[in-house]
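*Asks:* Now for the letters of each chain:
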Amino acid sequence: MKINDVILKTVVKGVVLIILTFSIYLFLSGHHTPGGGFIGGLVMASAFVLLFLTYDVETVSEGIPISFKKMSAVGVLISVSSATAPIFWGEPFLSQNFGYFDLPIFGKTELATVTIFEAGIALTVVGVVVNIILSISEGSNKWKA
Amino acid sequence: MLLFYILFPLFVALGITIVSSKIRREFLGWIAFSVPVVLFALFARHIPTISSSEAIRTTFSWIPSYGIDLTFLLDGLSLIFVLLITGVGALVILYSIYYLSSKDSFAHFYTYLLLFMTAMLGVVLSDNIIVLYVFWEFTSISSFLLIAFWFHRKNSRNGAIKSLLITMSGGFTMLAGFLMLHVMTDSFSLRVILAELPQLTDHTLFYPAMALLLIGAFTKSAQFPFHIWLPDAMEAPTPVSAYLHSATMVKAGIYLIARFTPGFGGDVYWFWVITCVGLVTLFWGSFNAVRQNDLKALLAFSTISQLGLIMTLLGIGSAGINPAIGEAKGLYTFALFTALFHLVNHSTFKGSLFMVVGIVDHQVGTRDLRRLGGLMRFLPFTFLLAMIGSFAMAGLPFFNGFLSKEMFLTAVLSIGDLPIYGGAQVGWLLVLVAWLASVFTFVYSMILVFRTFTGRPIVDEEYKVPQEASLGMLIPPGILGVLAIGLFFFPNLLSDYLLKPAVEVLVEDGAALAPKIYAWHGFNTELFLTLGIITLGIVAYLLLRKWRPYYQYIPSNWTFNTLFRSTLSGYERLGERVTMRYMNGNLPSYFLYIFSFFIIVMWTTWWIVGPINVTFDSPSSMTVYEGLLAVVMAAAAIAILFAHSRLTAILLNGVLGFSIAIFFVFFRAPDLALTQLVIEAVTTILFLVCFNYLPEWKVEKLSITKKVRNGLIAIAGGLTVTIVGLAVNNYTKFESISSFYENSYELAGGRNIVNAILGDFRAFDTMLEGLVLFIAGIGVFTLIRMRQKKGAEPRENQ
Amino acid sequence: MESIIIVLVGILTSVAIYLLLSKNLIRIILGTAILSHAVHLLILTMGGLKSGTVPLLGENAERYIDALPQALILTAIVISFAVTAFILVLAYRVYQEYGTDRMDELRGSNDEQ
Chain A
1 MKINDVILKT VVKGVVLIIL TFSIYLFLSG HHTPGGGFIG GLVMASAFVL LFLTYDVETV
61 SEGIPISFKK MSAVGVLISV SSATAPIFWG EPFLSQNFGY FDLPIFGKTE LATVTIFEAG
121 IALTVVGVVV NIILSISEGS NKWKA
Chain B
1 MLLFYILFPL FVALGITIVS SKIRREFLGW IAFSVPVVLF ALFARHIPTI SSSEAIRTTF
61 SWIPSYGIDL TFLLDGLSLI FVLLITGVGA LVILYSIYYL SSKDSFAHFY TYLLLFMTAM
121 LGVVLSDNII VLYVFWEFTS ISSFLLIAFW FHRKNSRNGA IKSLLITMSG GFTMLAGFLM
181 LHVMTDSFSL RVILAELPQL TDHTLFYPAM ALLLIGAFTK SAQFPFHIWL PDAMEAPTPV
241 SAYLHSATMV KAGIYLIARF TPGFGGDVYW FWVITCVGLV TLFWGSFNAV RQNDLKALLA
301 FSTISQLGLI MTLLGIGSAG INPAIGEAKG LYTFALFTAL FHLVNHSTFK GSLFMVVGIV
361 DHQVGTRDLR RLGGLMRFLP FTFLLAMIGS FAMAGLPFFN GFLSKEMFLT AVLSIGDLPI
421 YGGAQVGWLL VLVAWLASVF TFVYSMILVF RTFTGRPIVD EEYKVPQEAS LGMLIPPGIL
481 GVLAIGLFFF PNLLSDYLLK PAVEVLVEDG AALAPKIYAW HGFNTELFLT LGIITLGIVA
541 YLLLRKWRPY YQYIPSNWTF NTLFRSTLSG YERLGERVTM RYMNGNLPSY FLYIFSFFII
601 VMWTTWWIVG PINVTFDSPS SMTVYEGLLA VVMAAAAIAI LFAHSRLTAI LLNGVLGFSI
661 AIFFVFFRAP DLALTQLVIE AVTTILFLVC FNYLPEWKVE KLSITKKVRN GLIAIAGGLT
721 VTIVGLAVNN YTKFESISSF YENSYELAGG RNIVNAILGD FRAFDTMLEG LVLFIAGIGV
781 FTLIRMRQKK GAEPRENQ
Chain C
1 MESIIIVLVG ILTSVAIYLL LSKNLIRIIL GTAILSHAVH LLILTMGGLK SGTVPLLGEN
61 AERYIDALPQ ALILTAIVIS FAVTAFILVL AYRVYQEYGT DRMDELRGSN DEQ
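So the protein sequences, as listed, match chains A, B and C. Note that the first sequence ends on residue 145 in UniProt numbering; no numbers are left out. Note that the second sequence ends on residue 798 in UniProt numbering; no numbers are left out. Note that the third sequence ends on residue 113 in UniProt numbering; no numbers are left out.
Wrong hints could be hidden among the right ones.
Unchecked claim - Here are the simulated EDC-like cross-link-like pairs (lysine to aspartate or glutamate), alpha carbons at most 20 Å apart as the crow flies:
no., chain 1, residue 1, chain 2, residue 2
1, B, 707, C, 97
2, B, 516, B, 526
3, C, 50, B, 526
4, C, 50, B, 626
5, A, 69, A, 58
6, B, 701, C, 59
7, A, 13, A, 58
8, B, 701, C, 97
9, B, 707, C, 105
Since the hints were derived computationally from the structure, they do not count as laboratory data.
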């Protein structure tokens, strides 16, 4: 069964970009407004899932040659190691720090170590969610046939 | 700084796993070899500082709110151990590079070995008892991994499990003991605990804590009757046996007892329990070593026996802490000193003997005494090394074992002069046991060297003609052999720099009271005892064929091994019988138990507590939309029950999810609303993708009674939850803690309180949540890929 | 409002329990999903509804709503997603291996021990 999905494909091309941008916005704005690592990650994952649903797995994997498995592992590694790092500065496990800096373009900006931790969480979320969906569809290609 | 020393092997181990596939395997060995060498040099640099009785301390906070800090302390006692760990470690790794065969995974081996090194360094350097416990269990785990290194052998797996069960249960009892110590002294720091313990002898927990601690130490150091795991642990590759099961890990128990001597020493039970357990172990180990046919089993029992010897000395020495001892204090400090001296000696000669046996096994292909003999002509250097090791172990002159054996006899003789504890009455009996054990020690030392290397050469067709081992395998035992001889001639060098500072840690003025070691101290009782050992030992060895067969009259099923096995299988059977009563394999039944239990517990509680206040008061107002939404949700939920196709059911579930998202908006939870929306979408997609491969659901054919029963439980469950909710809703007995989080901008620099909680205040939850998600991802991935592995060759039960 | 939500939670719980007690795997999975919905609502309600404004300090409000339940629920939502995904895949693999999704036919056998 072949469905004519030209409209879907065309729309998705644009929409995915918007969703990805939005996800990064959500991730960065999480410190002061709704958003953050989880939500940013989830939205980004849903963008990828949308791509995989619209096009087939092979096409997308060619275009985005990222191993989502490794991505989730790297995410966990980042969040755990950013949690461990403070020990070496004599701070308790999982201490977070923040400070205000004057950056050339952005002006007075707040930089926080939470962002590293949250980035790890976000990567984990993206990696795992996409990986689950991919595994299922891949598995079926292999075993069902 | 000490933390970096400890973690250094771990980092290298991580590095090894990463680069293992890229570089040549021998290289991994050399990388691993560099670790203990560097550490040995770094620790050795501290010898001058430590020998002037100072200590090096570093602190990192770990869980400050519970007072658990990573405090590390390098003092005289720790220094001996760290030098042993890194020194013997270096030699063992060098040896293993040549010992392992091309079939073995170098990466795994060195990763585990370095993991062990970190753990062991942690044990002897921690000042915090909880940290010490964590490292302690890590040594058990890495020992487990190393014993099961050849995991395709059934014996290896069994030996690994046995050692894990015994040492871990010992570890748990020790943890309980530690917690009691914490209750007694309100501190986790060893220093504080040791300083306060002598004043707390009347505390109710004093003896329970001591007993639990001793069990932990005895299991780790393979003391009678927990020694049964050590012979089975010999299934590990020989370098591992030499390192973990003779030189370092089994000495962790000794370390623990030595460490706690200033606290518990001076107590009569501490003295007698350790001395007696040590002596029994000493005797039982050497008695059993004689009957072994496997060279490694012989060495295992010999290790048990030697550990018993050190234990005995620690027991005797603890009398020196008692203030009532008076003038005789020096005599008992002498025992502690000897314990440490023999600890070092044992590591040198036993390490070299294990390596020698490894060479024999490696070059000949067997280590069964019945199939060995006359190897002297094929392996001349190995023979020389075996002789050095065995003679040192037997306590013959010109080897370090002679010195410590003589001093041991002095110490045991001194029990008879003990002014307290009533030692004078039973002193002669202990001397007799120690003397007999020494005779057996002499006999098995001779068996080890002469049955293997002299006599008629047995060259079967099936064996290759043995050749001398490569230089790389001879150098490490060679170094240890040279040390064994060198320590005989220059024992006071070791004593001044390492032993005296360590004794100073154990006893006040220990360094001043410590003796100067002499090889010759005139014609005294000890010398005659030694001569007796040698004479009787030689006679016994020559007449071995006459009396060794009598061993078979010892009933073979009356051992602790049998007890251990039957206890284990008994537990398994009991557990199975109990479990099978209610575990019928039917998931709905389990849910039935769970929910019925929940309902019964709640209603019984209410029945006991009395009427509870259920009100329908609602502080917040309700708009029409919210009411409608609630009705929609209720309707959707109930409709799921009657859905005829799974697609309908999923869509209804989606309705629920999205409605909740809208509720989150109403209830001022923007973050939740966002998350819920996305998650609901992804979940629905997930369901739909999976539905491709799942059957259409059929209408359930349940009997009416079952339907009614399920319905009743469901309604009762819902009712219970509602009542709990209503009762709790208006219950404000204490202030909410949430106002604290409203400082999030000052404390965490974020204006979004929810995210500040997630990322900062309660980041631990978030981190673990990431892990849970990751584990679920791995789970999904493996479930799908599992099929591929099915065709793989089974490697079990070879 | 609170009492209405609590009653709703009760209804959802009843439905979830009924689904969990059935023999069909998908029904059971749906049951867990609904149960977690119910629990999330309950936790949120326990923290008080509409007792303040959204927990964003940028709002400069007098009173903020309790943020702690929200943080807990956020964690719970993601975890329940992971659990749902895992059981779903488990169900699908079980069906592939054994050709059934009925729990009473999936009781294991004694020769597997």
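*Asks:* Holds or violated: are the alpha carbons of residue 50 (chain C) and residue 526 (chain B) at most 20 Å from each other?
*Replies:* Violated: residue 50 (chain C) and residue 526 (chain B) sit about 88 Å apart, past 20 Å.
*Asks:* Assess, step by step, whether the Cα of residue 701 (chain B) is no farther than 20 Å from the Cα of residue 59 (chain C), and give holds or violated.
*Replies:* Cα-Cα ~56 Å, so violated.
*Asks:* Going straight from one Cα to the other, do residue 707 (chain B) and residue 97 (chain C) come out at no more than 20 Å?
*Replies:* violated, 29 Å
*Asks:* Taken at face value, is the distance from the CA of residue 526 (chain B) to the CA of residue 516 (chain B) at most 20 Å?
*Replies:* Given that 20 Å is the threshold and the Cα spacing comes to 17 Å, the pair holds.
*Asks:* If you draw a straight line from the CA of residue 701 (chain B) to the CA of residue 97 (chain C), is it 20 Å or shorter?
*Replies:* violated, 24 Å
*Asks:* What's the verdict on residue 707 (chain B) and residue 105 (chain C), does the C-alpha distance respect the 20 Å limit or exceed it?
*Replies:* holds, 19 Å
*Asks:* Holds or violated: are the alpha carbons of residue 13 (chain A) and residue 58 (chain A) at most 20 Å from each other?
*Replies:* holds, 16 Å
*Asks:* Are the Cα atoms of residue 50 (chain C) and residue 626 (chain B) separated by 20 Å or less?
*Replies:* holds, 12 Å
*Asks:* For residue 69 (chain A) and residue 58 (chain A), compute the direct alpha-carbon distance and say whether it is at most 20 Å.
*Replies:* Holds, at about 16 Å.
When the structure is compared with the earlier hints, violations turn up for hints 1, 3, 6, 8 and for no others.
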